[in-house]
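Chemist: So you can see what is in the structure, the chains are spelled out below.
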Amino acid sequence: LAKTTQPISMDSYEGQEVNITCSHNNIATNDYITWYQQFPSQGPRFIIQGYKTKVTNEVASLFIPADRKSSTLSLPRVSLSDTAVYYCLVGDRGTDKLIFGTGTRLQVFP
Amino acid sequence: DAGVIQSPRHEVTEMGQEVTLRCKPISGHDYLFWYRQTMMRGLELLIYFNNNVPIDDSGMPEDRFSAKMPNASFSTLKIQPSEPRDSAVYFCASSLGAPSDEQYFGPGTRLTVT
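Those protein sequence lines, which keep their order, are chains A and B.
So that you can map any letter, position 55 of the first sequence is 55 in the working numbering, and since no number is skipped, the others follow by simple counting.
So that you can map any letter, position 90 of the second sequence is 90 in the working numbering, and since no number is skipped, the others follow by simple counting.
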């Protein structure tokens with residue numbers, strides 16, 4: 001089963017842009033890439049989803065290269081409330097299963 | 001809508017006992033998912049249903065785990081007998097359409113097996 005890997009943790013300061021990359025070498029051809037945010041003692045919450053190139057919504061942007069083997073979640077001007085764990089979710093080409101990434105713990109400092 | 005509802009929020013039980021976790025998905029959602037989250041293994045998909053029918057249960061760890069969805073508004077995840085290694089947070093989620101659609105997660109059930 002292919003792994004979907006992310007950096008374990010990242011630190012940032014308020015107002016900075018944060019980019020979190022997810023590696024998914026074996027992504028299913030027809031599957032979307034979805035990112036979720038999770039706060040302590042809560043379930044994950046949807047942030048953004050894309051298939052290729054770039055997607056932007058009111059909270060984030062998602063960059064996906066042509067080979068789709070990775071994706072980058074971009075959070076502009078983070079605040080303290082963005083401190084959370086961020087997960088990517090993709091479908092695995094080999095098994096056709098949904099796989100969550102290992103998660104990236106983002107800590108935002110004042 | 002109240003979102004996905006899970007009960008109980010916390011469960012402490014002794015090894016060997018039966019545990020039943022409950023979930024009420026968002027009304028109108030066709031897909032329901034059960035996940036398990038641990039520090040060691042992260043978020044794992046256990047099983048998901050489409051229109052009350054189990055589609056993929058390959059993530060269910062072993063025969064001690066079973067899940068049912070008797071109707072569109074209720075699902076259960078049962079562990080019998082429970083073991084200490086089953087201690088985790090179990091999440092239920094639902095989505096409107098395909099599994100890759102936005103999933104709405106419940107608050108989770110924290111299970112501790114002693």
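Just to be clear, a hint being listed does not mean it is correct.
[To be verified] Cut-off 25 Å, straight-line C-alpha distance, at most; resulting in silico cross-link-like pairs (BS3-like, lysine-lysine): (1) B/Lys24 / B/Lys68; (2) B/Lys24 / A/Lys69; (3) B/Lys78 / B/Lys68; (4) B/Lys68 / A/Lys3; (5) A/Lys54 / A/Lys69; (6) A/Lys3 / A/Lys52; (7) A/Lys97 / A/Lys3; (8) B/Lys68 / A/Lys97.
Don't read these hints as lab results, they were simulated from the structure.
Chemist: Each hint needs a verdict: does it hold in this structure or not?
Modeler: Hint check:
Distance restraint check for B/Lys24 and B/Lys68: the Cα-Cα separation of roughly 12 Å lies within the 25 Å cut-off, and the hinted pair is therefore satisfied. Distance check on the hinted pair: B/Lys24 and A/Lys69 sit about 35 Å apart at the alpha-carbon level, beyond 25 Å; violated. Simply put, B/Lys78 and B/Lys68 have alpha-carbon atoms about 8 Å apart, close enough for the 25 Å limit, and the pair holds. Using a Cα cut-off of 25 Å, the hinted pair B/Lys68 and A/Lys3 is violated, with the two alpha carbons roughly 29 Å apart.
Restraint check for A/Lys54 and A/Lys69: the C-alpha separation of about 14 Å stays at or below 25 Å, so the hint holds. A threshold of 25 Å between alpha carbons decides the hint, and for A/Lys3 with A/Lys52 the separation of about 20 Å falls inside it, so the pair holds. Between A/Lys97 and A/Lys3 the CA atoms are separated by roughly 11 Å; this keeps the pair inside 25 Å, and the hint holds. At roughly 20 Å between alpha-carbon atoms, B/Lys68 and A/Lys97 fall within 25 Å of each other, so this suggested pair holds.
Checked against the numbered hints listed earlier, the structure breaks hints 2, 4; every other hint is satisfied.
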